[in-house]
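Chemist: Residue-level listing of the chains:
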Amino acid sequence: MTNEPEVRLKPDTTFADWRKRFTERAEWRLTEHFFRAMFDFGFLNDLAADSFKRVLIGSIGGFVAFGFLLTRAYMIKYAILWNTGNPERYRRALLGDDMTIIGLPMLLVAFVTLLVSQSLFPDERDFRILGPMPVRRIVVFRAKLSALLMFTGLFTTAAHVSLVPLMILTSLNPWGDSNVILRLVAWAIASVTASVFAILTITAVVGILVLALSRSRLQALSTIMRSTVLGVLVVCLPLVSHLPTLGGPLSRGAPWMVLVPPAWFLGFQRVMQGSADRGLAHLAFVGIVVVLVVGAVVAATYIILFNQFERLMLRPAPMSPPWWRINRLPLRSRVPPAFRGVFGFTVATLTRSELHQGVLVGLSACGIGLATIFLTSSIRLPISASIVPFLLMFACGVAARAALALPIEHRANWIFQVTEDHAMRREQMRAVDRVVTVYVVGVPVLAAAPLLWIALGSDALMAGLVVASIGLVFVHGVLLDWRRIPFTCSYLPGKRFVGHSALIGFAACLLFTLISSGLVRTALVSVNQTLVITAALLIVGYWLRERRLSAWRKTPLMFEDEFPDQMLQLQL
Amino acid sequence: MLEARGLSKRYGGFLALDRVDFQVRRGEILGYLGPNGSGKSTTVNTVVGLIDPSAGSLWLDGAPIADDPVAYKRRIGYVPEEPHLYTHLTAIEYLTLVGRLRGQSEQTLATKIPEMLQLLLLWESRYATMAAYSKGMRQRVLFAAALMHNPDLLVLDEPFSGLDVTASLLFRTLLRMFAAGGRMVLFSTHRFDMVEKLCSRVVILSKGRIAAERDMAEFREGRAESLEDVFVQITGQDDFTPVARQILDLMQP
Chain A
1 MTNEPEVRLK PDTTFADWRK RFTERAEWRL TEHFFRAMFD FGFLNDLAAD SFKRVLIGSI
61 GGFVAFGFLL TRAYMIKYAI LWNTGNPERY RRALLGDDMT IIGLPMLLVA FVTLLVSQSL
121 FPDERDFRIL GPMPVRRIVV FRAKLSALLM FTGLFTTAAH VSLVPLMILT SLNPWGDSNV
181 ILRLVAWAIA SVTASVFAIL TITAVVGILV LALSRSRLQA LSTIMRSTVL GVLVVCLPLV
241 SHLPTLGGPL SRGAPWMVLV PPAWFLGFQR VMQGSADRGL AHLAFVGIVV VLVVGAVVAA
301 TYIILFNQFE RLMLRPAPMS PPWWRINRLP LRSRVPPAFR GVFGFTVATL TRSELHQGVL
361 VGLSACGIGL ATIFLTSSIR LPISASIVPF LLMFACGVAA RAALALPIEH RANWIFQVTE
421 DHAMRREQMR AVDRVVTVYV VGVPVLAAAP LLWIALGSDA LMAGLVVASI GLVFVHGVLL
481 DWRRIPFTCS YLPGKRFVGH SALIGFAACL LFTLISSGLV RTALVSVNQT LVITAALLIV
541 GYWLRERRLS AWRKTPLMFE DEFPDQMLQL QL
Chain B
1001 MLEARGLSKR YGGFLALDRV DFQVRRGEIL GYLGPNGSGK STTVNTVVGL IDPSAGSLWL
1061 DGAPIADDPV AYKRRIGYVP EEPHLYTHLT AIEYLTLVGR LRGQSEQTLA TKIPEMLQLL
1121 LLWESRYATM AAYSKGMRQR VLFAAALMHN PDLLVLDEPF SGLDVTASLL FRTLLRMFAA
1181 GGRMVLFSTH RFDMVEKLCS RVVILSKGRI AAERDMAEFR EGRAESLEDV FVQITGQDDF
1241 TPVARQILDL MQP
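Those sequence lines, one after another, are chains A and B. The C-terminal position of the first sequence is numbered 572 in the working numbering, with every residue numbered one higher than the one before it. The C-terminal position of the second sequence is numbered 1253 in the working numbering, with every residue numbered one higher than the one before it.
It is worth saying that the hints were derived from the structure and are not from the lab. Incorrect hints may appear among the rest.
Computed cross-link-like contacts, DMTMM-like style, restricted to lysine to aspartate or glutamate with a CA-CA straight-line distance of at most 25 Å [what the hints assert, rightly or not]:
no. : chain 1 : residue 1 : chain 2 : residue 2
1   : B       : K1073     : A       : E420
2   : B       : K1112     : A       : E420
3   : A       : K554      : B       : D1068
4   : A       : K554      : B       : D1067
Only chain B is shown next, with the shape it has when bound in the complex:
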């Protein structure tokens, strides 16, 4: 189980995360939902070790990750929000680089990479550098890079942006099966539909704080209002008509 205890992050005078607590249990996909600027990406960057928290700690299976951050990093796979890749490399070269950085053997890479590229429909484009790839193709490469070393925990930051319908359906199924195998997925997004279809629990973040935590079964079984209703109540943005009207007025010549 991954556990965040009192996670805070301060940038100068701005508090991006304020004593955030959550757990990602084995076998579950935790939806991490919030509007832009609520602290989702800060949490994700802290969880994958790109930034250090100002306060609080992360624990994996009962042990603080600060004790052995490298061992922790070996167990995570990460798909960032933007497909920042070395686009002068081909997909094969990039996946080889990532595999080598993770210490995977050449034999493993020689077997896994072609199969992964074929399954993700990237084999035909293997000779092109990723500069020529569409956003969706780059996103698929990122998924492949995150999965190749058989991680225990997947951290996904808006992973479906740019993916076509087929690829989205594939990855949704894949994530469900991945979690069902006793592993963990932290799924950061601002899309209700994805959370509703995919997640077992949801944490709603607002202004750097946890505003709500719900079991998705409550919504599915009709025991609670819809996720969207809960979200707009929490963020206090329930009536968008005035803003929409202002935009329409602004459009007038």
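Pulled out of the complex, with its shape left as it was, chain A reads as follows:
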């Protein structure tokens, strides 16, 4: 009581008191905890988690830099548009560009939400840990929701801030078409609504799965759902790059534009700017209705989960095998046990772990995205068809290596350590080799087969043979310096400067694709040439395989990842 007058005289102390009271509330503490947990994917140790946070902060900086880069590129485009003196052309271009500026943050936020989809709802762990504590369930739910808003809000804000300069640039025009401030405000509202729609859609899908499935079924189906959505989002990337070209169809009121979600929110933006266009108003209406429907699904999911929390969290484990899993006992086989052990473990992990499947599918889908860009470009089909399999192969190679390198339950790797046996190591690593070969060679060849057939006709068979042979050589590059049982070694992200890795990756992809597609075209000149090149590649592929199998036999397995202890040298 004696301190009261003093407190009144110092408003900053009052604020500090209020802040202290606020941050000491259980709800804030829980929100903070859930927010931090969203950066923790469960497979990183402390050192790796710190490194991962640096990578995330760096990526936010990357968005801002990307925004400036985009603005710089658009300066040239808009300078040309202003100089043409044709306002209609400018308006058409603006429609397409506005849709892109709405679509980009939407896609980014969808990615981020998908990344944390395991934390969108309070789960069994929250139930078991927080249940006995004197915290009301409503507080737990509110904290979870607040953490989700903070996390997605962080990325939504970063994405929108990075695009503000571009928005200002595109608003300027010699015809005095729009009020810059009004346009900025309308864009901010419409684009944030679009991002919210992306968040709500993923939350709704996850929510329905949570309510409908038992724990073990949920794990399996949500893994498939996540990978599918991730694949779709990655494939959407090149489609977003085509959005600027859709200004024409939009201005003509093409009915299929209703299938392009960013167009709904563009309509919303233009209606807020005062546009009387009926087509845009219709798109805006569709957008608002869809947001309300998805929002209602999410709200209903939260309410049902809130009311039925115990029942849903304590669903018993299944007593019968799920239809998609053949859970059988080992069968007689001549394949060495060490091979079967590692092969089975690798396949089971890739089919059940959300993280590993997500990395595999997401990075592989980048190959499909790149292939889409090539196929929709003006390059002739036979040339595109000789490039596409290698883009897919490169993406699958990067995806396979990244997915196999990430650990699962790292502390459970003791079983591999106590059973490590140099006599069996070759077989264990041969299993890794088999998985990588099937994925890196088999999947791209099968995926590209229809395209090769359309582009090359009967030559497609020869081309497929050469592509597969090149793949067998490429597997060696994928498994270079590899000495781990998949998922058993700790992982340190950000070991190298991201830009450096990206540059090397880009150069490697370019070189591999160009050389390989050149080889395919050379091989297709005559049957003899095809046979000679294929034979040479198969011999090299076989020799490299034997070499790596022999090296694996002699080298101990690696269970702890390490930061490079030497300065990185550019070997130019």
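With chain A fixed as given, assemble chain B onto it according to the hints.
Modeler: Frame of chain A; chain B shown alone:
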């Protein structure tokens, strides 16, 4: 016989194990007792080959294990303190993986795994991934994994944590019979009752050093004070009343 000779382990400046010597004879269960941080788990990790000792050596049946560590690893079964398992696998899949890593034939695994799961009351849950298992169920899976390849030496690090009474009684009987068959058990724990009921000898560890080694018959026949008395004398923690009082005081609002 398993023999540790002058086993030491240093982590940077911290000496976790300091010239530890002990023997696990055939047919006996050696209790390895010590308070938290005394070096029990470091010893166990060294014995199973998860970490290399900074000094000293391990010998099995008169031969240093460093001569052929793989042959030695084939002869041991290990149950760790925490049930770290690949929980995305079912119990069948995990035991199959372990069996294959140990080079067991598919036919052997197809016969042993179902029987083992039935005996350990895990058959009903065979279709669930181990993520849905309780700690006790996971511990039973670990026991099964440690026993399936018919080891010569069992190394157990607090193996009974999380097990219910029935499973504890089963494993106690099993361990006695296992040792009686001429095999060895190194049983690391901080529970006196378990050591008293199960072990033939006990080694008491304090601050990384062997502080005492006794035959359990001395306690059973009343020739020595109780194991608990010996333990508190060695660790110097004989009167806990002041600490208990401080905790009670701290609880006051």
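Chemist: Straight-line Cα separation of K1073 of chain B and E420 of chain A no greater than 25 Å?
Modeler: holds, 8 Å
Chemist: Are K554 of chain A and D1067 of chain B close enough, with their CA atoms no more than 25 Å apart?
Modeler: Holds, because 17 Å separates the two Cα atoms, which is no more than 25 Å.
Chemist: For the pair we were handed, K1112 of chain B and E420 of chain A, check the Cα-Cα distance against 25 Å.
Modeler: holds, 22 Å
Chemist: Assess, step by step, whether the Cα of K554 of chain A is no farther than 25 Å from the Cα of D1068 of chain B, and give holds or violated.
Modeler: With Cα atoms ~15 Å apart, K554 of chain A and D1068 of chain B stay inside 25 Å; holds.
The earlier numbered hints are all upheld by this structure, with none contradicted.
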